[in-house]
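Engineer: The chain contents come next:
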Amino acid sequence: MKKENILKGSNIVLLMLIFTFSLVFASVLCFNDFAQAEKVTLTVWDTSSNERPEAVKAIVKAFEAQNPDIQVKIETTDWNSFAQKSLLAGEANVLPDCIEVGGDWMQPMAKRGYLEDLQPFIDKEPDGFIDDYLMATKDSWTGTYSYLPWIANVMGFYMVEEYLKEAGFTEAPKTWEEFEEVAKKCTIKGADGKVERWGFVSSQKSSAEFVRMLLNSFGAVFENPDGTSGLGSPEAIAAIEYKTRIEKNYAPEGIAVFEAKESRDIFMAGKAAFLAEGNWMNSMLEVGMMPGLTWKPFLTPVKDVPTAVVGPEEYGIGKGTKHPEEAWKFVKFITGPEADAILVKQFKGIPSHRVNMSIPIVHLDPLVAPFADQLANAKRIEFYGGYKTYGAFVKYGRDTYQKILYGKMTVEEAMKELAKKIDEEMAKQ
Amino acid sequence: MKRKKADRALLFLLLILTALSSFPLFIMISFSLRDRELVFASLLFPIKPTLNNYATILRDQILMRCLMNSIVLSILVAMIAILVSIITGYGFSRFQFKFKSLLLYLTFATTMFPPILVAVGFFKVIVRLHLYDNLFSLILVNTASILPFSIWMMKGYFDKIPKSIEEAAMIDGCSRISACFQVVVPISLPGIVAVGIWSFLFAWCEYLYASTFVGSVSKRMITTGIVELLGHFIIQWGLVMAYAIIISAPILILFVFLQQYFVSGLTAGGVK
Amino acid sequence: MKVSSQKKTYYWTAFFFIAPGVSFVFFLTLYPFGQAMLMSIFKVTSDSRTFIGLANYQRAFQDNLFWLSLWHTLYFTVISVSLHYFIGLGFALLLYRLGKSIVSNILRGFLFLPWLFASAVWCVTWQLILHPHFSVLNALFNSLGLSRLSHSWLSDLSLLPLTILSVVSGLKFFPFHMVMLFAALQVIPLELFEAAEIDGASSLQKFRSITWQFLKPVTTIILCYDTIGSFYYFDLVWILTRGGPMNETEVLSTYIFKTVFQLEGSFEYGSSMAIILMIILSIFIMVYIKIFLRGEFEI
Chain C
1 MKKENILKGS
11 NIVLLMLIFT
21 FSLVFASVLC
31 FNDFAQAEKV
41 TLTVWDTSSN
51 ERPEAVKAIV
61 KAFEAQNPDI
71 QVKIETTDWN
81 SFAQKSLLAG
91 EANVLPDCIE
101 VGGDWMQPMA
111 KRGYLEDLQP
121 FIDKEPDGFI
131 DDYLMATKDS
141 WTGTYSYLPW
151 IANVMGFYMV
161 EEYLKEAGFT
171 EAPKTWEEFE
181 EVAKKCTIKG
191 ADGKVERWGF
201 VSSQKSSAEF
211 VRMLLNSFGA
221 VFENPDGTSG
231 LGSPEAIAAI
241 EYKTRIEKNY
251 APEGIAVFEA
261 KESRDIFMAG
271 KAAFLAEGNW
281 MNSMLEVGMM
291 PGLTWKPFLT
301 PVKDVPTAVV
311 GPEEYGIGKG
321 TKHPEEAWKF
331 VKFITGPEAD
341 AILVKQFKGI
351 PSHRVNMSIP
361 IVHLDPLVAP
371 FADQLANAKR
381 IEFYGGYKTY
391 GAFVKYGRDT
401 YQKILYGKMT
411 VEEAMKELAK
421 KIDEEMAKQ
Chain V
1 MKRKKADRAL
11 LFLLLILTAL
21 SSFPLFIMIS
31 FSLRDRELVF
41 ASLLFPIKPT
51 LNNYATILRD
61 QILMRCLMNS
71 IVLSILVAMI
81 AILVSIITGY
91 GFSRFQFKFK
101 SLLLYLTFAT
111 TMFPPILVAV
121 GFFKVIVRLH
131 LYDNLFSLIL
141 VNTASILPFS
151 IWMMKGYFDK
161 IPKSIEEAAM
171 IDGCSRISAC
181 FQVVVPISLP
191 GIVAVGIWSF
201 LFAWCEYLYA
211 STFVGSVSKR
221 MITTGIVELL
231 GHFIIQWGLV
241 MAYAIIISAP
251 ILILFVFLQQ
261 YFVSGLTAGG
271 VK
Chain F
1 MKVSSQKKTY
11 YWTAFFFIAP
21 GVSFVFFLTL
31 YPFGQAMLMS
41 IFKVTSDSRT
51 FIGLANYQRA
61 FQDNLFWLSL
71 WHTLYFTVIS
81 VSLHYFIGLG
91 FALLLYRLGK
101 SIVSNILRGF
111 LFLPWLFASA
121 VWCVTWQLIL
131 HPHFSVLNAL
141 FNSLGLSRLS
151 HSWLSDLSLL
161 PLTILSVVSG
171 LKFFPFHMVM
181 LFAALQVIPL
191 ELFEAAEIDG
201 ASSLQKFRSI
211 TWQFLKPVTT
221 IILCYDTIGS
231 FYYFDLVWIL
241 TRGGPMNETE
251 VLSTYIFKTV
261 FQLEGSFEYG
271 SSMAIILMII
281 LSIFIMVYIK
291 IFLRGEFEI
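Those sequence lines, one after another, are chains C, V and F. Going by my numbering, the residue at position 285 of the first sequence is 285; the numbering climbs one at a time, nothing skipped. Going by my numbering, the residue at position 251 of the second sequence is 251; the numbering climbs one at a time, nothing skipped. Going by my numbering, the residue at position 47 of the third sequence is 47; the numbering climbs one at a time, nothing skipped.
Rather than coming from a laboratory, the hints here were simulated on the basis of the structure. Here the structure is a predicted model, which is why all the values come from computation and not from measurement. It is possible that part of the hints are untrue.
[Said to hold, decoys possible] Think about it this way: if two alpha-carbon atoms lie no more than 20 Å apart in a straight line, the pair counts; the simulated PhoX-like pairs of lysine-lysine are:
1. C:K416 to C:K428
2. V:K5 to F:K7
3. F:K100 to V:K98
4. V:K163 to F:K100
[Unchecked claim] Partial pick of chain C residues on the chain F-facing surface, computed with a CB cut under 7 Å:
5. Q84
6. L87
7. E91
8. V94
9. G103
10. D104
11. V221
12. P225
13. G227
14. P252
15. E253
16. E262
17. E338
18. Q402
Backbone N, C-alpha and C fix where the C-beta goes; we use that ideal spot for every residue, glycine too.
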């Protein structure tokens with residue numbers, strides 16, 4: 001009897017051990033990629049393949065056709081985790097050959113030295129190379145080109161045509177006064193006195209599109225030449241006063257805490273007439289809008305001159321890449337005019353190169369034209385993400401707006417405090 | 001009579017509270033049955049319930065791959081945790097030596113480390129060992145995270161088992177290891193199941209490590225997979241909720257069947 | 001001679017049993033801790049890595065947002081852990097009273113639900129329930145005729161968003177407490193209750209002298225684990241409010257995350273804050289064990 005027990009017991013344990021270790025080994029093996037020898041394989045990290053998979057595939061295909069000795073391996077991460085992933089990889093020195101950067105982590109990536117300096121590569125290119133880019137900027141921390149823009153994003157507004165018609169308007173507003181009037185007329189109360197439809201909705205991020213468009217249009221200087229914040233200036237105060245007035249009167253109550261998704265949810269459910277966003281919303285609205293409603297983008301209203309705010313997405317080369325030349329070829333291609341043309345002609349993108357501004361579809365397609373025209377006609381183009389004070393602005397901006405909306409401070413006090421906080425933060429760095 | 005009335009009242013109270021705590025589940029199901037455009041058309045119940053979301057997800061290769069990854073990871077973590085905690089728990093339970101309490105306390109103390117530091121700090125090690133983007137690294141961290149609790153549980157369970165049984169076996173010529181595995185372990189099945197379920201659950205729900213140590217899409221876990229659905233632009237509530245139900249179903253089923261073991265395992269193991 | 005070699009085998013066997021598990025755990029936690037300590041004493045720019053000693057820690061102590069987040073972390077932990085415990089205890093007692101029946105088994109299964117769902121999934125659902133515009137909770141109240149109760153949950157400052165978050169957390173993790181306490185209740189020999197009944201003890205007295213004695217050790221353990229978990233809890237705050245209107249719901253875990261991955265990309269500052277948090281937590285736990293158990297805790 002005892003002998004039987006021993007056999008059974010040890011068998012089970014032994015089996016379990018073998019099973020565990022073989023599974024572990026199997027997973028280690030089959031999850032490990034064995035590198036291929038001959039071709040140079042570029043590892044590219046991006047996030048755009050999530051939103052524009054076909055576009056990225058088309059560009060990669062064209063690139064590989066032109067460069068048969070290079071193979072491109074794309075690893076995609078979603079936008080929300082991308083910052084975390086990139087920064088961690090940078091810290092541990094496992095950056096890929098090419099990496100997409102954008103949003104709020106563009107500056108930290110460059111600042112911490114995770115991106116190769118692109119200037120030596122640019123110097124080898126023919127004259128006028130960098131000028132053809134509409135939005136190329138030197139990083140404010142490294143002082144050099146650490147990344148180049150491959151997708152042009154332009155901020156703008158969307159409207160629901162039916163709601164405007166109901167309120168008696170046939171055209172989109174052209175000035176900020178008109179904008180306010182339309183928003184007012186489109187805010188409709190139901191029989192019970194509660195608002196059924198809002199005139200306006202937007203997100204409450206520090207760098208919300210509405211804020212940026214207003215700051216630019218009102219002529220506020222974001223960062224003074226000496227590096228201090230210009231957000232305490234009269235123009236900035238006027239811009240935020242306008243924003244507060246619109247949001248307090250014609251936008252849903254909880255707007256003080258809205259992230260992008262809440263405002264988009266509301267617009268797509270047909271509960272608001274205006275939405276402040278950018279051209280990237282085109283694809284989402286095409287599939288998600290409440291059935292029966294027609295939506296249209298329109299140009300940013302004008303205060304004194306036409307303006308445009310851009311937010312490009314960029315590509316950089318990971319520091320320490322083993323294939324710098326090939327990596328540069330890829331970055332040059334994906335940010336270059338040919339890839340740009342693919343984006344414009346096939347995927348309704350907005351040109352990021354001067355040379356592509358003359359492609360007809362750019363100014364004819366009703367979803368692209370408002371943004372492209374804005375870009376073409378603007379007398380003042382701003383890209384706030386490039387300023388040194390942008391990081392501090394993102395850190396404190398939203399609190400400031402909320403303080404104003406919750407009535408804790410007047411606009412003037414709040415903005416002056418914001419500028420001060422930003423300056424203090426910069427001094428610490 | 002009075003007892004029965006009081007019990008019925010208690011039951012009623014329990015039912016109400018249970019309903020409340022199940023409300024989120026109800027919402028999940030309700031929203032998972034809605035198409036994209038009609039998501040907010042009505043709030044509590046879907047207007048036109050449809051199973052489209054489930055179909056979309058079950059057909060999506062990537063999401064199903066995530067599910068499989070999580071299953072594999074959780075099973076492996078559970079098995080290794082069981083094995084190691086049995087051995088360690090037995091050691092702590094049956095032996096006396098200097099610094100024993102200190103070691104035990106220190107082991108529990110490691111749960112006080114901020115996970116974010118573990119993630120960031122361990123990341124470099126992983127990279128140097130060329131284990132980035134490898135399931136193995138996740139197995140390591142997850143196991144290390146639930147080992148303290150598992151060890152404590154197994155030790156507690158073993159403490160309950162009188163030493164006389166093994167002593168009898170050892171007098172008959174059994175070695176320590178055999179005594180452990182062939183005598184004590186078979187009796188401790190509920191405790192083992194409890195540790196197994198606990199470890200499985202931990203690895204199943206774990207997000208921070210799964211998002212840090214593993215990069216490519218094919219190796220995502222379910223917790224990071226759902227973030228894909230949350231998207232950059234809008235949240236596709238219908239899909240997200242359907243996904244939530246799908247990934248929670250295995251756990252719920254597992255739990256329904258093993259509940260008894262779990263509770264009785266904790267009875268002796270976790271409780272003095 | 002025989003005795004000492006027996007002793008040797010004894011200790012070696014003990015070593016082989018204990019070493020794998022313990023060293024595994026230590027390596028995987030002490031090493032990152034060492035890394036983090038190392039990181040926290042440096043300052044990094046694009047071309048240099050300078051040693052700055054404890055400057056990061058100094059910066060943390062002077063950072064208003066750090067103290068605010070710390071306070072919020074403590075507040076959140078105290079409220080959610082209390083909720084977990086009391087709701088768990090309540091259910092455990094109720095289930096215990098109902099005894100073993102199919103009904104109570106099924107109910108117990110249902111009560112486990114909140115705990116079984118992955119945290120992120122659960123929080124996303126609560127996003128819908130407390131949505132600033134499409135709040136399902138408000139819809140429920142409206143349909144039940146209780147529209148007075150509908151609020152703008154996460155943006156109305158008078159509702160103390162942090163408390164709301166604590167309540168949401170309270171509704172998720174109580175099953176853990178419930179099952180441990182329920183298991184503890186099972187062990188109590190029924191004779192004790194019968195004896196107390198005979199002696200004419202009231203319910204309260206019975207609870208205090210019998211039930212509570214059995215529950216004390218378990219209580220300590222689960223409160224410890226729960227406190228640690230709540231101190232570091234990230235998902236809930238991040239998904240629902242991201243730190244909330246004007247930092248009202250900013251907890252240290254979200255602030256550290258923002259510092260490291262968003263605002264500055266500063267691992268160094270983040271590490272120093274995390275280490276401070278850990279030290280505070282360990283003091284908390286040590287004081288707590290001392291007070292609660294007065295060293296009676298037997299391991």
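Engineer: To test your reading of the hints: which numbers does this structure violate?
Structural biologist: 2, 3, 4, 8, 9, 11, 12, 13 and 17
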